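Protein chains in written order, with our numbering: chain D, 285 to 701; chain Z, 2 to 99.
If you are wondering where the hints come from, they were derived from the structure by calculation, not from laboratory data. Just so you know, these numbers come straight off a predicted model, no measurement behind them. Note that beta-carbon positions come from the ideal geometry of N, C-alpha and C, so glycine has one too. Incorrect hints may appear among the rest.
[To be verified] Computed list of chain Z residues with no C-beta within reach of chain D, every gap over 10 angstroms:
hint	residue
1	27
2	32
3	64
4	82
5	84
[Said to hold, decoys possible] Selected chain D positions facing chain Z (Cβ under 8 angstroms, derived; list incomplete):
hint	residue
6	528
7	540
8	585
9	588
10	594
11	595
12	596
13	599
14	675
15	686
This is what each chain is made of:
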Amino acid sequence: MKKYSAFAIAREAMRGHKGWEEQWSSPEPKKEYDVIIVGAGGHGLATAYYLATVHGITNVAVLEKGWLGGGNTGRNTTIIRSNYLYDESAGIYDHALKLWDGLSQELNYNVMYSARGVMMLAHNVHDVQVLKRHVHANRLNGIDNEWLTPEQANEFCPPLNISKEARYPVVGAALQRRGGTARHDAVAWGYARGASARGVHIIQNCEVTGVKRAPNGAVTGVETTRGFIGAKKVGVVAAGHSSVIMNMAGVRMPLESYPLQALVSEPVKPVVPCVVMSNTVHAYISQSDKGELVIGAGTDQYVSYSQTGGLHILQHTLDAICEMFPIFTRMKMLRSWGGIVDVTPDRSPILAKTPVPGLYVNCGWGTGGFKATPGSGHVFAHTIAKDDPHPINAPFTIERFRTGRLIDEAAAAAVAH
Amino acid sequence: MLLIRCPYCEEERPELEFRNAGEAHIARSANMAGESDDDFEKFFFIRSNPKGIIYERWRHMHGCARFFNAVRDTVTDKFIMTYKAGEPKPAKLPGASK
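In isolation and in its complexed conformation, chain D is listed as follows:
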């Protein structure tokens, strides 16, 4: 792998940019690997990367039915934050946030992590109570979060409407300054390049159609559209399709898959300097470096794999955006899209060993998995390599739905699900 640097740009400029090499190779699948990761999204590629760099396991294949980063990694709204209520969630999301800081240097790939601040609005007394509780809980966990008055919120985000005449006036806000955004595609590409350089095989257009198990129940490999590929360990990181893959191994999951939509506006000059979220009016917004307003909508109410969603969901979100930012009422929206998110009953992810020996699962990130990408890959690689969870992901078992030891962020994740 050739290192990217200012010197490399100058060198290539001198010779007509003929020396750039492919960022990752596309090898033919081998007959057998030590570890197979199902799904080449951010989480899967990060897992492969940390298997190689932290644990020295490089005989790894990442299988992807479509193209690399073409699922939810390329469809999300790239918000990064760690202001979750419960200790377990704070642990895993802040682990990720710490890895975001410095990730560009680690990968030698600009993931454009921008700690521009995530501000969550309160519109009524209940919001104030909930968000202040978050501020205190976060601080106890060593996570930055601070309370702002409407005037301070307006100072931090000038286009925000704090008029008392608004239908849902802003009465305060919680701000996590370390929160922000990153470039989603670059995250997938950076991890893919780093993993590939260390010998990991990334195999696109290779759909897993079955999971093979030995008579003793242990995993022996996967059937794919490109033939059988053997492995003693298989990690399923398939987002909305996780339950489909797990069913192939005979494991029924506490998951339901829903379409989640997002949309972007026409590009404009810098106007929104941070991320603004509101659970009460249900909207969140940031501005990409290209100038587009990036807006996240809600999920549809029914199980679907259609990667599309109802127009009324987008309309509802835009109503809220116009309420928060009257300045945007005449903006044109450029495009909208949907992704399929896998949601657990307690809205917390599952990163764990499974009842099947050699089978591991990293799923259930629901509507907010992007922010966790580095941390999720890091602890999931540990879980696979050691056949034992990392202390950070130890609480995120499948068994919690039997024992009742839930991590019930459903009403606490500081985001409307």
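Fit chain Z to the given chain D structure using the hints.
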């Protein structure tokens, strides 16, 4: 937005009138306190989440307000049929080859 046929109103109405109520044909135990942890987990948390045909409950909130069941393809979102609550799971689907 989906168009959904309410089997009570016998009319196709827009999705906004309805509320999805999750997977259908999951029977609640008559003796909940006697359920084992495994059985309770299956009843309460585990879902089939199929990529394909799903049997699901809907409620015609802003119409007759009654619950009913539907058969839908989760890949195309097309409804295959709807039927009244309490009716058995259809053994044969209209248009299906088997």
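Okay, the hints, checked on the actual structure:
no. : hint : in the structure
1   : 27   : 13 angstroms, holds
2   : 32   : 19 angstroms, holds
3   : 64   : 16 angstroms, holds
4   : 82   : 16 angstroms, holds
5   : 84   : 17 angstroms, holds
6   : 528  : 5 angstroms, holds
7   : 540  : 5 angstroms, holds
8   : 585  : 4 angstroms, holds
9   : 588  : 5 angstroms, holds
10  : 594  : 5 angstroms, holds
11  : 595  : 6 angstroms, holds
12  : 596  : 6 angstroms, holds
13  : 599  : 10 angstroms, violated
14  : 675  : 25 angstroms, violated
15  : 686  : 4 angstroms, holds
Checked against the numbered hints listed earlier, the structure breaks hints 13, 14; every other hint is satisfied.
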